[in-house]
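Fit chain X to the given chain W structure using the hints.
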Amino acid sequence: MLGIKGSQELLGKSILTGNPSEDLLNNIIPGGKLDKKKALMVYRDDYVARLSSVMAENFEGTHSLLGDEIFFAICREYLDYYPSTSFDLGNYGKYLDKFLKNHSLGVEYPFLPELSRLDMEFMRLFHLPRVKSIDPEKLKTHENLSQAKFKLVEGIYLKKSKFPIYKIWDLKNIEDREDVDLDWNEAENICLYKGEDGIKVQFLTPEQVDVLEKIKQGLNLDQALENSEMDVIRVQELFSFISTSGILVDIC
Amino acid sequence: MCNIGVGLRAEHYSYLEKKPQTEIKWFEVISENHLNSRGRPWEILHTMREDFPLSFHGVSLNIGSYAPLDLEYLKKLKYMIEVFNPFLVSDHLCFTGPPGANIHNLLPLPYNDKTLIHLSEKLDQVQSYLGRALILENLSAYIDFKESTYTEWEFIKKLVEKSGCKILLDVNNIYVNSVNHNFDPKKFIDHLPKDKIEEIHLAGYSDMGDFLFDTHSSPVFPPVWDLFSYAIKDLKDVPVLIEWDDDIPDFPRLEEEAIKAKTIWESHHARD
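Line by line, the protein sequences give chains W and X.
If you count the first sequence from 1, position 157 lands on 157 in the working numbering, and the numbers rise without skipping.
If you count the second sequence from 1, position 145 lands on 145 in the working numbering, and the numbers rise without skipping.
It should be emphasised that the hints constitute simulated quantities derived from the structure, not laboratory data.
Where hints are given, some of them may not hold.
Distance condition first, Cα-Cα at most 20 Å in a straight line; then the derived PhoX-like pairs of lysine-lysine [what the hints assert, rightly or not]:
1) X:K122 with W:K5
2) W:K37 with X:K122
3) X:K146 with W:K33
4) X:K236 with W:K5
5) W:K159 with W:K98
6) W:K38 with X:K146
7) W:K36 with X:K146
8) W:K5 with X:K114
9) X:K146 with W:K13
For reference, chain W alone in the conformation it holds in the complex:
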C-alpha cells in the first residue's frame, strides 16, 4: 500500500524523471491496452510536451531563431533541471538565460542568454497593467525639473548589449531571413517599455541607458546626469523620450 503521500511522491517522481519505481509499478493498474510503464509514460510525455509548448510561447524569439529541433531539445534539458514549481505557466522558463550561459549552445552563441532574457522581459511586460502617463500640463508647469524625481512605469527593461539583441529577437517577424542584412556583432542599447499603447522598444546610446537607469532608481535629473558625458542633444533626446513615450507616470 502506497497511501496518499506515497502514491503522490512516486507518481510525481515518475513523471518528472521518466523513471517509475518498482513500488509504483506494483501498485497501479494501467488503462487501455497499455502496459504499466507505457501508461505512466502517457503522463511523462504529456508533461514534457506541455511545458515545451509553454516555453515556445514564452520564448518566441529564442524558439524562432533556434528552430523546433534545437529549441525543444533545450526545453527537455531545461525542464529536467528546473521543474515547474508554480501554477503560473507565464513565468515558466525564467531561468533559461542562466541555464543557457552554462550550456554549450550558449557558449557557442553568446547572445542566446540575452535573447532568452529579452523574451522573458516581454512576457513580464505583457502581464503588467497599462498605466496612464503623466498629464503633460504637470510636466510643462513644473518649476524645477532638474531637481525633480521622475516616477517611471514598472514596465521598463534597459539593456546594453554587445549584440543586436532586439534585431535578433525581431527576426521572428520576418519570413525571408536570407534578405536580412544583420551585423551580429553590432552593439545595441535598448529600452523596452510598456506604455499606455502597449509594448515598444526605443534604441538609445549607452550613456542614455545609464542615465535612464539612474532615473529609474530614483535619482533626480541633476544627479542622474552627474559625471555623464552626454552632450546637450543626447540629453534633449532622452528627455523627449521620457516625456512623450508614456513611461513617465509622475514627477515630484
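Positioned in the frame of chain W, the structure of chain X alone reads:
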C-alpha cells in the same frame, strides 16, 4: 433554455473584443491564466464581464495533494472571484504534483476511505475560505491504483455527501475512462446525485490506438454526444460547456459545436 458556454481562449480575444453576435451565453476562464496577470489576460476579463457571466475553472488548486493548501494561490483566486463575481468556481478531483513541483496535469488519487477523509478536510478549508461550494470535475486517468476500494463514481458520490462540494460532470472524461478502464459509462452517470451536478463539460479526445487520450483537440465525438444526450435527460438547468484547447478553431466553429449541444438539449427539454 439551454445555457451553453465555451472556454475563453487567447486565440479568440481579438474576435471577441469586437463584441460579435453570438449564441454563447457564458464563458469559462482558466483561473491560472489570469491570476498573476494584470495585462491583457486580466483586461479581457473586464471586457467579457460587461456582457457575459463568467465561470472560473482551476487546474492547480491541487486539492488532493497530501501537502497543505497553497494559501497564496487561494488568496489570489479569492481576489479574482471578488473582482469578477463568477457564477461558478470549479477545479478537479486530483492532485497536480508533489510538494515543490507543479506537473500541470490532473493526476489521479486512490479512491478509498483515507482519500475521502483527506479530501473532505481539504474541501472544508477551501469552501470556508472562499465562502462558497466548490465544484469538482471528474478526470480522465490512464492508471488506477490497486488500493482503490471504490469505483470513481462511488467515490464522487461519497465525497459530495461528506463535503458538500458539487459536481462538474465531464462527459468526455467519463467516456474516455469507460473505454480505458472498461466500464459502462451510463452506470457512472446513473450513480451520481443529479441535484449536485452544477455543470457539464464536453470535449474531443484522441484515439491513440492503445488508449483514448483526453486532448481537447477535436470536435466532440458521436459516442460522447450520445452519452451527453443520456445524461441530460434528467438535468434541465445545468450549464453546458464545450472545451477545445489544442488545434483551436476559429470562434464560429467553436460556437457551432456549442449549438450542437443546445440542439440535443432542446430535443429533451424544449417542451418543458
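Consistency of the hints with the structure:
1. X:K122 with W:K5: Answer holds: K122 (chain X) to K5 (chain W) is near 15 Å, not above 20 Å.
2. W:K37 with X:K122: Since the Cα atoms of K37 (chain W) and K122 (chain X) sit roughly 31 Å apart, the hinted pair is violated (cutoff 20 Å).
3. X:K146 with W:K33: holds, 17 Å
4. X:K236 with W:K5: Not OK: K236 (chain X) and K5 (chain W) at ~40 Å, beyond 20 Å, violated.
5. W:K159 with W:K98: Cα-Cα ~16 Å, so holds.
6. W:K38 with X:K146: holds, 17 Å
7. W:K36 with X:K146: Holds. K36 (chain W) to K146 (chain X) sits at ~12 Å (cutoff 20 Å).
8. W:K5 with X:K114: holds, 11 Å
9. X:K146 with W:K13: holds, 19 Å
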